[in-house]
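Taking the hints into account, I'd like the entire structure generated from these sequences.
Number of protein chains: 8
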Amino acid sequence: MKLSVYLSGEIHSNWRETIEAGVAKAGLEVTLTAPNTCHADSDDCGDRILGSEENNFWKDHKASKINGLRTRKLISDADIVVVRFGDKYKQWNAAFDAGYAAALGKSLIVMHGPEIVHPLKEVDAAAQAVCETPEQVVEILQYIMTNQLPA
Amino acid sequence: MKLSVYLSGEIHSNWRETIEAGVAKAGLEVTLTAPNTCHADSDDCGDRILGSEENNFWKDHKASKINGLRTRKLISDADIVVVRFGDKYKQWNAAFDAGYAAALGKSLIVMHGPEIVHPLKEVDAAAQAVCETPEQVVEILQYIMTNQLPA
Amino acid sequence: MKLSVYLSGEIHSNWRETIEAGVAKAGLEVTLTAPNTCHADSDDCGDRILGSEENNFWKDHKASKINGLRTRKLISDADIVVVRFGDKYKQWNAAFDAGYAAALGKSLIVMHGPEIVHPLKEVDAAAQAVCETPEQVVEILQYIMTNQLPA
Amino acid sequence: MKLSVYLSGEIHSNWRETIEAGVAKAGLEVTLTAPNTCHADSDDCGDRILGSEENNFWKDHKASKINGLRTRKLISDADIVVVRFGDKYKQWNAAFDAGYAAALGKSLIVMHGPEIVHPLKEVDAAAQAVCETPEQVVEILQYIMTNQLPA
Amino acid sequence: MKLSVYLSGEIHSNWRETIEAGVAKAGLEVTLTAPNTCHADSDDCGDRILGSEENNFWKDHKASKINGLRTRKLISDADIVVVRFGDKYKQWNAAFDAGYAAALGKSLIVMHGPEIVHPLKEVDAAAQAVCETPEQVVEILQYIMTNQLPA
Amino acid sequence: MKLSVYLSGEIHSNWRETIEAGVAKAGLEVTLTAPNTCHADSDDCGDRILGSEENNFWKDHKASKINGLRTRKLISDADIVVVRFGDKYKQWNAAFDAGYAAALGKSLIVMHGPEIVHPLKEVDAAAQAVCETPEQVVEILQYIMTNQLPA
Amino acid sequence: MKLSVYLSGEIHSNWRETIEAGVAKAGLEVTLTAPNTCHADSDDCGDRILGSEENNFWKDHKASKINGLRTRKLISDADIVVVRFGDKYKQWNAAFDAGYAAALGKSLIVMHGPEIVHPLKEVDAAAQAVCETPEQVVEILQYIMTNQLPA
Amino acid sequence: MKLSVYLSGEIHSNWRETIEAGVAKAGLEVTLTAPNTCHADSDDCGDRILGSEENNFWKDHKASKINGLRTRKLISDADIVVVRFGDKYKQWNAAFDAGYAAALGKSLIVMHGPEIVHPLKEVDAAAQAVCETPEQVVEILQYIMTNQLPA
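Respectively, the protein sequence lines represent chains B, S, G, E, H, V, W and R. Mapping of the first sequence onto numbering that gives the first Met the number 0: position 4 corresponds to residue 3, and the numbering continues sequentially without gaps. Mapping of the second sequence onto numbering that gives the first Met the number 0: position 141 corresponds to residue 140, and the numbering continues sequentially without gaps. Mapping of the third sequence onto numbering that gives the first Met the number 0: position 135 corresponds to residue 134, and the numbering continues sequentially without gaps. Mapping of the fourth sequence onto numbering that gives the first Met the number 0: position 140 corresponds to residue 139, and the numbering continues sequentially without gaps. Mapping of the fifth sequence onto numbering that gives the first Met the number 0: position 58 corresponds to residue 57, and the numbering continues sequentially without gaps. Mapping of the sixth sequence onto numbering that gives the first Met the number 0: position 65 corresponds to residue 64, and the numbering continues sequentially without gaps. Mapping of the seventh sequence onto numbering that gives the first Met the number 0: position 1 corresponds to residue 0, and the numbering continues sequentially without gaps. Mapping of the eighth sequence onto numbering that gives the first Met the number 0: position 33 corresponds to residue 32, and the numbering continues sequentially without gaps.
Just so you know, the hints here were simulated from the structure itself, not pulled from any lab data. Fair warning: there could be bad hints in the mix.
Take a look, some chain S residues computed to stay more than 10 angstroms from chain B by CB distance [said to hold, decoys possible]:
{"#": "1", "residue": "Ala23"}
{"#": "2", "residue": "Glu28"}
{"#": "3", "residue": "Thr36"}
{"#": "4", "residue": "Asp76"}
In silico DSS-like links for lysine-lysine, alpha-carbon gap of 25 angstroms or less [to be verified]:
{"#": "5", "chain 1": "H", "residue 1": "Lys72", "chain 2": "V", "residue 2": "Lys1"}
{"#": "6", "chain 1": "B", "residue 1": "Lys1", "chain 2": "B", "residue 2": "Lys24"}
{"#": "7", "chain 1": "R", "residue 1": "Lys1", "chain 2": "R", "residue 2": "Lys24"}
{"#": "8", "chain 1": "W", "residue 1": "Lys1", "chain 2": "R", "residue 2": "Lys1"}
{"#": "9", "chain 1": "R", "residue 1": "Lys24", "chain 2": "V", "residue 2": "Lys89"}
{"#": "10", "chain 1": "S", "residue 1": "Lys87", "chain 2": "B", "residue 2": "Lys89"}
{"#": "11", "chain 1": "H", "residue 1": "Lys87", "chain 2": "H", "residue 2": "Lys1"}
{"#": "12", "chain 1": "H", "residue 1": "Lys89", "chain 2": "G", "residue 2": "Lys1"}
{"#": "13", "chain 1": "H", "residue 1": "Lys1", "chain 2": "H", "residue 2": "Lys24"}
{"#": "14", "chain 1": "W", "residue 1": "Lys24", "chain 2": "W", "residue 2": "Lys1"}
{"#": "15", "chain 1": "E", "residue 1": "Lys72", "chain 2": "E", "residue 2": "Lys1"}
{"#": "16", "chain 1": "G", "residue 1": "Lys1", "chain 2": "S", "residue 2": "Lys1"}
{"#": "17", "chain 1": "E", "residue 1": "Lys72", "chain 2": "G", "residue 2": "Lys87"}
{"#": "18", "chain 1": "S", "residue 1": "Lys1", "chain 2": "V", "residue 2": "Lys89"}
{"#": "19", "chain 1": "E", "residue 1": "Lys87", "chain 2": "G", "residue 2": "Lys89"}
Ideal Cβ positions, reconstructed from N, Cα and C, are used throughout, including at glycine.
Right, dumping it as structure tokens:
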């Protein structure tokens, strides 16, 4: 069993690396994908490639559309979309990804701390699993792929 | 030409009423729908109908699932989904609705102030129109339905 | 807001009539549909219309296919599918309907007593609401259609 | 010709191993998949990975949702879904899988003894083949993949 | 319950009129549709409207494409497609309609005499019911719409 | 039989009015729809409603997106899309509409003069009918809806 | 460029072998698939595997359903479906396959002699190419895959 | 990350070769595909393979349909469709491809000079990126596949 898993959301902690290490250690055939997590580049890519804009709205617009070429492809290829929410940022793009993935029939795993359960209740309601740590994501993947529960 | 328009997002201002009044004044055949905007009821519906939960996660979960019966139906019936973001709340459910609607091929109109252009850039990038006021939403509906531009 | 609701499952109690009465009393614009609940006719329709079979397998096969003309149409027209399980019968057709509806993206409400929670866990996991009584189904419909919670 | 075949249903007999051995002996390029057939683990996975629940409903709910990550992926990847019913258990999840697979347009093979033809008539009516033994499943696969009938 | 039923196939007998009369007598809310059953017009429509062709292949091509505007719309609007085969003509268009309808997920009722069971076995295998007379089609429609079996 | 027909393409001749008159005279139940055919308004709608842009690219972009709210809805509601090409303008939006409609499975009727057969060959190849005059469009609609050929 | 091509229809001539040889000679990466072309086995497979039937209708039914496991899979995997009609047999299954493939959006190539153009006009109208010989099918495949026209 | 990119439009300049060279230099796993860019062959293929036509309309028709076998396959396999417009030709087939790809949910990149912004506004409005040079297409592909922006 192989899986393609897209990791959406928070870019200011190393949760993606933790999942990557855990999946590698468990020897799972998982393809992990993600958006461009370099904040500056994902903001500037439109201006850098297509020419600069005076108006920030259009600068953002061109950048988001180019980044969308990547994210649309990777989400549409994914079996499972993991979405990580922190408590500091708005992360509307993460919630957008979750809704987008849900409507495509992708399975969702949502990861966040207990202090933001309430504002995330609609997102959690669309998920197959709600967890708090990247280690739990690895345990879920290991269990569904190999039938092995954590010790 | 008739349209069904779902109004998602902010529940602490009267933007829905402004659109409703504008559409009525313009005589447009628009069916406006919305989530339950009573915060307390939408939080309590699970406990009230299906029995109370000690754990708030499950209380929220049951409520969100019941509210989802309404929102899934109304979004799937909509031609256009308007999503309003304010600058105070997380509104992850609004961003989730936007992603959900986009993946279903619904046309999006996003409404928000200029101060939150940057965190909403991915949502805006999926929209057919980005505006700031409910009056602009009415003008857009009037124009696409009757070919009349505002004076 | 109008809804079309298909009532699948148990045919040996009057739960459908209770929902019908409740919906009528609440004045909801709900179209309630159901399979043919006459056990004898639904068993005999193949033989009666298309000619009798000596082999019971083919008698059942022809009957099920004809009944399927009705159920496929009604489920595909439904916004919500309610599935009722009792504790006495196998009701594999009810579970089949639930799976069929889930895969079509229909919203599910599952109704059953607490003694069969465990064997129904996979069906419940696909539902937007799990309840025990037809009165709760009416309350859910009333709430999502009119925003009114039970007193 | 390659096929992906999902084996749903009864977990208390060795029918899956019989199919696996038969397919291997015949040299067919078939990928056989199945749900987690360890009853205890599939019941406990939610509590073990995501934390324990006092309420059995939610324990079951979390477990079913996690198991669903596996089954949804494998059924959606399958060309054919084989569903085995015994006469002892409710197996509503097997009937749910059958309905789910049918609505996705997957081909169904249903396997069960003659004593439960009647309660399974709606499931059988959706099948491409109804048989009694795992050996017949192997013969069907061998025939459709190699054009060879059993001697 | 309302149904839309498309009547495909044989144009040299009055089976459509028999169904129409039966449906009217039973008071069923059925919309019956059909291809243009005037053989000459359906052959000539391309030349008459779009200009004459010297080559019969293109004359037939233009006519078939125009007739296709009607049949594609009516089949896509149908809940049930009834296909009637006689024993005299090739009626490849009827078999084409049956395959087209089956792939769209429409329910099929196939009507033909016992002498052509064998060459129609693949078409029959895709049907919900196989019958011999238009009266049986009416009985099926009456049963699935009103739960009444013939006396 | 009712039809919804979207009239795309050339805006500098009165072909839409000719079709409208012909359809009315023939008493056909056809809903005719079209893009906004006021060139100035369709260019200016973005600036007028959403605020003016210095850069013409973005002015055009905002206008096209708003006009797209109308055209996406009307094409998705249409049974048939008629596309008219003249020999003077680029009309890339008309060809875009044709491709868009074809991929949605809509039936196409293409109308143009004989001098542009060659550059339109790919568009024509996707059509159910290719004609030269609006009167022919009316004749096609009358024939497929009433089975009456022109005298 | 790789293609998967399903060869449906006539089983009494060697047209499939001619295409196979031509494709091999041209070095094209084409996967050719076909139904079981052994007439006796495709008639008997149901009885042989699932047990004999007294009634020929059900014998044919079981066989057709089993053969359908193969053909549904291969047609759904195909990029192009080639359908060959001879002038001697009814071949309703070939026309059914053509309709089925067309509704799935597969590209059709139809092959038949000039004497049956008229009864096949609706099938031809759905095709991307109509030809008479297997050599022409090879030439089409070679051209679309390598841009080389026949000398 | 691998991508399949279809290059539609202008055939009189070497923009495809520039992209091919750039992609190769950057070491990207991109499969580039294109229509047959030999003008004469794409015009003559119908006559050459299927027999000559006196009427140019049918000559073009047969050729376009055969070319469509290639383009339909390649567009449906593509993740991204790049469409290049020059200022000299009508290129209605390029705009048709753009609409077709957009309706299939493919991501579009449109490439053209600033002098034709206005007539292309509806095509541009459906794109994820609008650029002027093939080098920019390569930069976009490199960025979305490797997260590297041009120096």
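Evaluated hints:
At roughly 30 angstroms, the least C-beta separation between Ala23 (chain S) and chain B is larger than 10 angstroms, which holds for a residue marked as non-interface. Against the 10 angstroms criterion, Glu28 (chain S) stays outside the reach of chain B, whose nearest CB is about 27 angstroms from its own CB. With a least CB separation of 14 angstroms from chain B, Thr36 (chain S) remains clear of the 10 angstroms interface cut-off, as annotated. Look at Asp76 (chain S): its CB is around 14 angstroms from the nearest CB on chain B, clear of 10 angstroms, so calling it non-interface holds up.
With a C-alpha separation of about 10 angstroms, the suggested pair Lys72 (chain H) and Lys1 (chain V) falls inside the 25 angstroms cut-off, and the hint holds. Restraint check: the Cα-Cα separation between Lys1 (chain B) and Lys24 (chain B) comes to about 16 angstroms, which is no more than 25 angstroms; the hinted pair holds. Of the pairs offered as hints, the one joining Lys1 (chain R) and Lys24 (chain R) holds, with about 16 angstroms between alpha carbons and a cut-off of 25 angstroms not exceeded. Annotation: proposed proximity of Lys1 (chain W) to Lys1 (chain R) holds, straight-line Cα distance about 17 angstroms (limit 25 angstroms).
Pair hint Lys24 (chain R) plus Lys89 (chain V) does not hold up; C-alpha atoms about 36 angstroms apart against a cutoff of 25 angstroms. Between Lys87 (chain S) and Lys89 (chain B) the CA atoms are separated by roughly 10 angstroms; this keeps the pair inside 25 angstroms, and the hint holds. Distance hint between Lys87 (chain H) and Lys1 (chain H) is unfulfilled; the C-alpha atoms sit about 34 angstroms from each other, more than 25 angstroms. Proposed proximity of Lys89 (chain H) and Lys1 (chain G) is contradicted: the alpha carbons are some 47 angstroms apart, above 25 angstroms.
At most 25 angstroms may separate the alpha-carbon atoms for a hinted pair to count; Lys1 (chain H) and Lys24 (chain H) meet this at roughly 16 angstroms. This hinted pair checks out: Lys24 (chain W) and Lys1 (chain W) have alpha carbons roughly 16 angstroms apart, not beyond 25 angstroms. The straight-line distance between the Cα atoms of Lys72 (chain E) and Lys1 (chain E) is roughly 18 angstroms, inside the 25 angstroms bound, and the hint therefore holds. Using a Cα cut-off of 25 angstroms, the hinted pair Lys1 (chain G) and Lys1 (chain S) holds, with the two alpha carbons roughly 17 angstroms apart.
A threshold of 25 angstroms between alpha carbons decides the hint, and for Lys72 (chain E) with Lys87 (chain G) the separation of about 32 angstroms lies outside it, so the pair is violated. Simply put, Lys1 (chain S) and Lys89 (chain V) have alpha-carbon atoms about 31 angstroms apart, too far for the 25 angstroms limit, and the pair is violated. Taking the CA atoms of Lys87 (chain E) and Lys89 (chain G), the gap is near 10 angstroms; set against the 25 angstroms cutoff, the hint holds.
Hint compliance for this structure: hints 9, 11, 12, 17, 18 are broken, all remaining hints hold.
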